[in-house]
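Build the full structure now, drawing on both the sequences and the hints.
For what it's worth, the working numbering labels the leading residue of the sequence shown as 852, then goes sequentially.
One thing to keep in mind: the hints can contain errors.
[What the hints assert, rightly or not] Cut-off 25 Å, straight-line C-alpha distance, at most; resulting in silico cross-link-like pairs (SDA-like, lysine to any residue):
id: 1; residue 1: Lys1171; residue 2: Leu1150
id: 2; residue 1: Lys1168; residue 2: Gly1146
id: 3; residue 1: Lys1171; residue 2: Gly1112
[Unchecked claim] Label pairs and their in silico Cβ distance ranges:
id: 4; residue 1: Leu990; residue 2: Gly1095; range: 45 to 55 Å
id: 5; residue 1: Thr1014; residue 2: Gly1191; range: 11 to 21 Å
id: 6; residue 1: Ser1179; residue 2: Glu1073; range: 21 to 31 Å
id: 7; residue 1: Asn1178; residue 2: Glu1054; range: 57 to 67 Å
id: 8; residue 1: Gly1191; residue 2: Ser914; range: 27 to 37 Å
In short, the hints are calculated from the structure, not lab data. The C-beta atom is built at its ideal place from N, Cα and C for all residues, glycine as well.
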Amino acid sequence: MNLSAEWVGFVGRALFMLHARAAEFALRQKSLFGIGRPARASALLGCLIAVGLFPHPAAASGSWPAWLLAFPEPTDSVLIADTSSATLHRYYRGDSGELEAESHYMSIGRNGVGKRRAGDRLTPIGVYFVTEQLDTRGLNEKYGITAFPIDYPNTIDRRLGRTGDGIWIHGVTPGGGQRPVRDTDGCIALPNEQLAQLAPRLEPGATPVIIVREMAYASREENKALAAELNRALERWRSAQVLGDLQSYFASYDEDFEYRGLSRDDWQNLRLARANGRTYTELEIHRLIALAEPGDSALFVTRFDLRGVRSNGQPLKVSKRLYWRRNSAGDFVIVAEDNG
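This is the structure in structure tokens:
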């Protein structure tokens, strides 16, 4: 029997919505439903994803995840957490060099998404990076086989006054199977067997985790054009430092730029005092990845390793994140930056 893609997608979405509603109702009315029915619905959803009956990002011909602008060869994985479908997608390059994906069921915060403060039990929306891998053997068993903290709150979150911490990708209680869709304090929880498959692909300090409200797609050409424009802006930023052209260097930063509590003027004065004629004989950008911010359609992130040699012979090796948006002239300028 041949099933149309539209019909299959409809069935997948309908079953997911049934699962989500059952899970939420069971959390409120445990005396009536308990946790058995949501768990079985979660298992059904996992099977649909595994066999390809639930809509899969890699299946859309010519499409590209809207937030993934540039995917460098050394990067093994990019994670996109689609909170609307309780699905964690891992994007990677297949043997052919083309972008492929695999999908995993996940649980999110009990109160949904859009984290703003500590204790709100919401999962944040934004671009984050895995910071480390934790040995969970000495922790509460609810964290499962391992855990990967992400860098919430990042510099943009702090600028917007968001608080809280301790947002992890982690497992579940051994033997616990799949938790309901909304069941964590803000973390992303995966069944242990799925996390075990995923764990070797996650690189602390490098693997991006993009948490979105709902999956969206763009043409590869559109994303490549945006990535090229960001790359040109980044090259101006890099070359200005090599040339010692501080005027061009500072022109790369927005008037509203802030750095760890410093205004743009205070930061610029600090940079001038530290520069003291110091330039670079070499300065190279490696492992550049360019991403769009799902919580702000006008904001973009570049993350890269910066390696070089200062004019005094001192080597430089640091990982940087620059956050960009267009100014009134339509040029990309930096509104925030951070290391790591």
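Against the range 57 to 67 Å, how does the distance between the Cβ atoms of Asn1178 and Glu1054 compare: consistent or not?
With Cβ atoms ~33 Å apart, the hint is violated.
Straight-line Cα separation of Lys1171 and Leu1150 no greater than 25 Å?
The given pair, whose Cα atoms are some 16 Å apart, holds under the 25 Å limit.
Between the beta carbons of Thr1014 and Gly1191, is the distance compatible with 11 to 21 Å?
holds (19 Å)
Ser1179 versus Glu1073 beta-carbon gap, inside 21 to 31 Å or not
holds (23 Å)
Taking the CB of Leu990 and the CB of Gly1095, does the distance hold inside 45 to 55 Å?
Holds, at about 49 Å.
Are the Cα positions of Lys1168 and Gly1146 separated by 25 Å at most?
violated (30 Å)
For the pair we were handed, Lys1171 and Gly1112, check the Cα-Cα distance against 25 Å.
Between Lys1171 and Gly1112 the Cα gap is close to 18 Å, so the pair holds against 25 Å.
Range hint compliance [Cβ, Gly1191 to Ser914, 27 to 37 Å]:
holds (31 Å)
The structure fails to meet hints 2, 7 from the earlier list, while all remaining hints are met.
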